Amino acid sequence: MKSHELWEFFKVALQAIKLHRLRSALTALGIIIGVASVIVMAAIGNGASKQLQQQMASMGTRVINVMPGAMRIGGRSTGFGGGAPFSQKDMNALVSGVPGIVAATGSLDGSVSLVYGAANWSSNVSGVHAEFQDVRPWPLISGRWFTADDVTRGAKVAVVGTAVVRELFAGGDPVGETVRINNIPFEVIGVLSSRGSNGFRDQDDQVLVPITTARSRLVGRRYATVPDAVGSIAVRVADDASMDQVQEELTTLMRKLRRINAGEDDNFTIRNFAELVANADAAQSVVRYLLATTAAMSLVVGGIGIMNIMLVSVTERTREIGLRMAVGARPVDVMTQFLTEAIILCLSGGLVGLLIGVGITVTLSVFFKWTVAIGAGTVLMAILVSAGVGIIFGFMPARRASHLNPIEALRYE
Amino acid sequence: MDAGPQPLIVARDLVKTYVLGDQTVHALRGVSFQVMPGEFVAIMGPSGSGKSTLMNMIGALDQPTSGTLSIDGAEISRMEAAELADLRNRTIGFVFQQFNLLRRTSALDNVKLPLLYSRRRRTDADAVARDKLTLVGLGDRIGHQPSQLSGGQQQRVAIARALVNSPRLVLADEPTGALDTQTSAEIMALLERLNAEGLTIIIVTHEPDIAAHARRLIRVRDGRIVEDRATAGAPVTHGVHAA
Numbered sequence: 001m002k003s004h005e006l007w008e009f010f011k012v013a014l015q016a017i018k019l020h021r022l023r024s025a026l027t028a029l030g031i032i033i034g035v036a037s038v039i040v041m042a043a044i045g046n047g048a049s050k051q052l053q054q055q056m057a058s059m060g061t062r063v064i065n066v067m068p069g070a071m072r073i074g075g076r077s078t079g080f081g082g083g084a085p086f087s088q089k090d091m092n093a094l095v096s097g098v099p100g101i102v103a104a105t106g107s108l109d110g111s112v113s114l115v116y117g118a119a120n121w122s123s124n125v126s127g128v129h130a131e132f133q134d135v136r137p138w139p140l141i142s143g144r145w146f147t148a149d150d151v152t153r154g155a156k157v158a159v160v161g162t163a164v165v166r167e168l169f170a171g172g173d174p175v176g177e178t179v180r181i182n183n184i185p186f187e188v189i190g191v192l193s194s195r196g197s198n199g200f201r202d203q204d205d206q207v208l209v210p211i212t213t214a215r216s217r218l219v220g221r222r223y224a225t226v227p228d229a230v231g232s233i234a235v236r237v238a239d240d241a242s243m244d245q246v247q248e249e250l251t252t253l254m255r256k257l258r259r260i261n262a263g264e265d266d267n268f269t270i271r272n273f274a275e276l277v278a279n280a281d282a283a284q285s286v287v288r289y290l291l292a293t294t295a296a297m298s299l300v301v302g303g304i305g306i307m308n309i310m311l312v313s314v315t316e317r318t319r320e321i322g323l324r325m326a327v328g329a330r331p332v333d334v335m336t337q338f339l340t341e342a343i344i345l346c347l348s349g350g351l352v353g354l355l356i357g358v359g360i361t362v363t364l365s366v367f368f369k370w371t372v373a374i375g376a377g378t379v380l381m382a383i384l385v386s387a388g389v390g391i392i393f394g395f396m397p398a399r400r401a402s403h404l405n406p407i408e409a410l411r412y413e
Numbered sequence: 001m002d003a004g005p006q007p008l009i010v011a012r013d014l015v016k017t018y019v020l021g022d023q024t025v026h027a028l029r030g031v032s033f034q035v036m037p038g039e040f041v042a043i044m045g046p047s048g049s050g051k052s053t054l055m056n057m058i059g060a061l062d063q064p065t066s067g068t069l070s071i072d073g074a075e076i077s078r079m080e081a082a083e084l085a086d087l088r089n090r091t092i093g094f095v096f097q098q099f100n101l102l103r104r105t106s107a108l109d110n111v112k113l114p115l116l117y118s119r120r121r122r123t124d125a126d127a128v129a130r131d132k133l134t135l136v137g138l139g140d141r142i143g144h145q146p147s148q149l150s151g152g153q154q155q156r157v158a159i160a161r162a163l164v165n166s167p168r169l170v171l172a173d174e175p176t177g178a179l180d181t182q183t184s185a186e187i188m189a190l191l192e193r194l195n196a197e198g199l200t201i202i203i204v205t206h207e208p209d210i211a212a213h214a215r216r217l218i219r220v221r222d223g224r225i226v227e228d229r230a231t232a233g234a235p236v237t238h239g240v241h242a243a
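If you read the protein sequences in the order shown, they are chains A and B.
Yeah, the first sequence ends on 413 if you go by this note's numbering, and it's all consecutive.
Yeah, the second sequence ends on 243 if you go by this note's numbering, and it's all consecutive.
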């Protein structure tokens, strides 16, 4: 078939569609709804995935966490953080002993009560090293981050999250104000940018102070046995490729530091966030597949609608088909014509569905603040799928039309 | 076109049987005849006589159970559906009782329809179709849709459509069956004029006064030709009735 013939068939098909406007619109409706739902589902799915990746980036992909305690010790689960805490000495040994670590910070965590004027609030405090920002960068929206000197001196300075600002300072700029943390006055020197929830808790309900200050004044009592406790340790690795190696060497060195004999279980836990995120992503992808399947089903239903209407159309236009055959249409011509019609219906339905899907997606993101993402792949897929539906579900009616006996078709009332 | 008097249609011992349920219907029981170029033939017969079957075969819409039928030198009994379609497209023009025009489609586009299937690029399609419409007296109505035309005018459009590919044969099945007497006469006059210009025409009718416009009459009954003669009005100059 030459291109000018295809163009002629295209025009004929368009004409036939225009002759039956309402029916064509109703036929395409199934595809419109199908494609729109595929687009929306894909956008939501991609959005969730993107959000997860953003979280992953904010947690740091090249960050390895080392926590004291193991899931099990002698058959008894202690949970993370159990067992003897790490000391500053352990941390220094790790940083100097394992190549590939570019930055490290300890983290002593606890709950504290905050008081500012008449307002009070319970929040989470983390005592960290100044290198915290190198390990897991968390931009500030106001003020400054504390320095290595602040850490050495055990300065009573605090960097607070936006939830704390909201609860204690009614949203005003707290930099320079003094807040009482567990009844000890701290100067607020900076405000962390908002990160929202990580799925477990509000990350913005957070106070960061120098680890030395936290140890001596806020949460040190929990680590009384280790005077220079650092809680858990987070390290940043130079590049993705050396993650496994660094993790291995960390384990070996840590076992040595904690004098664990061969054959004994670790009494510490090493985790990297990439693993955590991969697990979360796997769980999410089940939901994504479920959404995609639902959307695909609606496309199939739309396709069956197309087939149904095309079959009616073939029956109704039997005489026309007979006439076309009488004046020289080959079976393949008749088939091409009906297939072209089905594909045009599906494609235009697909395009309308695409627009509606994009509209719904934009609405979701603008008015409901959903994280959504429409990729070129999704758009391409929607178009290909709707053309495919046209071919697959248009084939049977088109074949039936092309197999009509011209004599009977001409006589059909 | 043809150098000698080659027959346009040669039918030999055409037999057509259908199986309808447990019944075998003998539509044609051995029909032989020839049609020379330029003839104007009327096929008559009561319903069930086999005249429709015969016309479908001449129109390359149907194939014989046995016997041979050659149209313009091409043997149709062994043709594939696509070859039959091409033969219909190039060699035969159809005119139907119910006109069979595409609704909500202009006269011009209706006339152009066979060109769509003629498998060669025509930049002159509009001009050719307009010429044919002018030939049938509708040069001023090319943009009209069937619903805006009278029955006689619609049949003229159908005739223009039959002529658009310059066929060797026009096959008209009860062309005046849906028209009043006056309009019928006009349509028959048009067909006579086309025949006078050299076109071979075969019409199927059950009306004797319509058949009288033709120059040769083939009467069919019970699947056989029972009469094949020149009509009263036929000039003797067309003495080519090989039967």
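Quick caveat, the hints were computed from the structure, so don't treat them as lab data.
Predicted model, so just to flag it, every value in this text is computed and none were measured.
Yeah, the Cβ is synthetic: ideal placement off N, Cα and C, and Gly gets one too.
Check each hint, because a few of them may be wrong.
Examples of chain B residues toward chain A, derived with CB under 7 Å [said to hold, decoys possible]: (1) Y18; (2) N56; (3) R120; (4) R121; (5) R122.
Here are the simulated lysine to any residue pairs, SDA-like style, with alpha carbons at most 25 Å apart [to be verified]: (6) K11/A - Q23/B; (7) K156/A - V175/A; (8) K18/A - G67/B.
Interface residues of chain A toward chain B, partial, derived using beta-carbon atoms under 7 Å [claimed, not checked]: (9) E8; (10) L19; (11) H20; (12) R21; (13) L22; (14) L26; (15) G117; (16) A118; (17) A119; (18) A326; (19) D333; (20) L404; (21) P406.
For each hint, the structure was consulted:
no., hint, result
1, Y18, "11 Å, violated"
2, N56, "5 Å, holds"
3, R120, "9 Å, violated"
4, R121, "6 Å, holds"
5, R122, "10 Å, violated"
6, K11/A - Q23/B, "45 Å, violated"
7, K156/A - V175/A, "14 Å, holds"
8, K18/A - G67/B, "46 Å, violated"
9, E8, "5 Å, holds"
10, L19, "6 Å, holds"
11, H20, "10 Å, violated"
12, R21, "11 Å, violated"
13, L22, "14 Å, violated"
14, L26, "19 Å, violated"
15, G117, "81 Å, violated"
16, A118, "81 Å, violated"
17, A119, "77 Å, violated"
18, A326, "5 Å, holds"
19, D333, "6 Å, holds"
20, L404, "11 Å, violated"
21, P406, "5 Å, holds"
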